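Could you put the whole structure together from the sequences, leaning on the hints where they help?
Protein chains in written order, with our numbering: chain B, 1 to 115; chain F, 1001 to 1115.
If you are wondering where the hints come from, they were derived from the structure by calculation, not from laboratory data.
Treat the hints with caution; some may be incorrect.
[Said to hold, decoys possible] For each label pair, taking beta carbons as the anchor points, the in silico distance ranges come out as:
1) F:1031 x B:115: 39 to 47 Å
2) F:1016 x B:61: 41 to 49 Å
3) F:1016 x B:69: 24 to 32 Å
4) F:1058 x B:69: 21 to 29 Å
[Stated by the list, open to error] A few chain F residues that face chain B, going by a derived Cβ cut-off under 8 Å, partial list only:
5) 1044
6) 1045
7) 1047
8) 1097
9) 1103
10) 1108
[Said to hold, decoys possible] One-sided and incomplete, this derived list gives chain F residues near chain B with beta-carbon spacing under 10 Å:
11) 1025
12) 1035
13) 1059
It should be emphasised that the depicted structure is a prediction, and the values quoted were computed from it without experimental measurement.
Each residue gets a CB set at the ideal place from its N, CA and C atoms; glycine is no exception.
Given next are the chains, with one letter for each unit.
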Amino acid sequence: EAQVTQNPRYLITVTGKKLTVTCSQNMNHEYMSWYRQDPGLGLRQIYYSMNVEVTDKGDVPEGYKVSRKEKRNFPLILESPSPNQTSLYFCASSQGGGIPPDTQYFGPGTRLTVL
Amino acid sequence: AQTVTQSQPEMSVQEAETVTLSCTYDTSESNYYLFWYKQPPSRQMILVIRQEAYKQQNATENRFSVNFQKAAKSFSLKISDSQLGDTAMYFCAFTSYNQGGKLIFGQGTELSVKP
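Given below as C-alpha cells:
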C-alpha cells in the first residue's frame, strides 16, 4: 500500500531531551516536507526537501533540523525541545520536486508534548 | 505574502443536506493550485479536491464540488447529501510555482454532520 509513515505517533518528553521523529514514504516521491499543526493556525511548513541531500527552511524552522540522506526517509530532529514545540506534526510527500506543484500526501501525524 | 482565510471556525449541517464551506485567498500570482483537505477525528489529512487556477471548470469529486471564483479569489467547497462520515475539520490550502512546494493553509472549519 502506498503510504507515508511516521513514528512515533505519540510522544511525551521533557524540555531539552533530544528526539527524532521518523518519516518514510514508499512511493518513490521526490519531494518531502514537515508541517506542524496548531489550533487556529492551520498547518505551517517547517522544512522541505526537493530531493536527496537538498533541504530548505519553511516558515517555522527554528528549533528543528532535518536530513535527507535517502529518498524515502526524511527525519525531523528536535535537538533541545521546548514547550512551545508541543504540537501535531505531519510529514508529507509528493511525486514532483515542487515545480510544478504536485498533490501532497500526508502521514498519520505525530502528537508531541514537551513538558 | 500569500494568505488563506477560512472565516467559519465551526459549521453544522443535518444529514442528507447540503453545506458550503468558504475560503478566500490573497495572491498576486496567476498560476496556482488550490486544495481542500479533510481531517477526521483520526487526524489523518485526506485530500478532498484539487483545482488548478488555469482551469475554468470547477472541480468535482462525487458529492464534493468547488465554486472557484478567480477574480474574487474565492474557493468554496460544497458538500451535497452530507453524511455522518463527513464530520471533520476541513482545511483550504494554496500553493504555486513560487512556493517551492509549500502548502499555505487556512485556519480550518470544523464541520459537524448531525443525524
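Comparing the hints with the structure gives:
| no. | hint | in the structure |
| --- | --- | --- |
| 1 | F:1031 x B:115: 39 to 47 Å | holds (45 Å) |
| 2 | F:1016 x B:61: 41 to 49 Å | holds (45 Å) |
| 3 | F:1016 x B:69: 24 to 32 Å | violated (51 Å) |
| 4 | F:1058 x B:69: 21 to 29 Å | violated (42 Å) |
| 5 | 1044 | holds (6 Å) |
| 6 | 1045 | holds (4 Å) |
| 7 | 1047 | holds (6 Å) |
| 8 | 1097 | holds (6 Å) |
| 9 | 1103 | holds (6 Å) |
| 10 | 1108 | holds (6 Å) |
| 11 | 1025 | violated (12 Å) |
| 12 | 1035 | holds (7 Å) |
| 13 | 1059 | violated (12 Å) |
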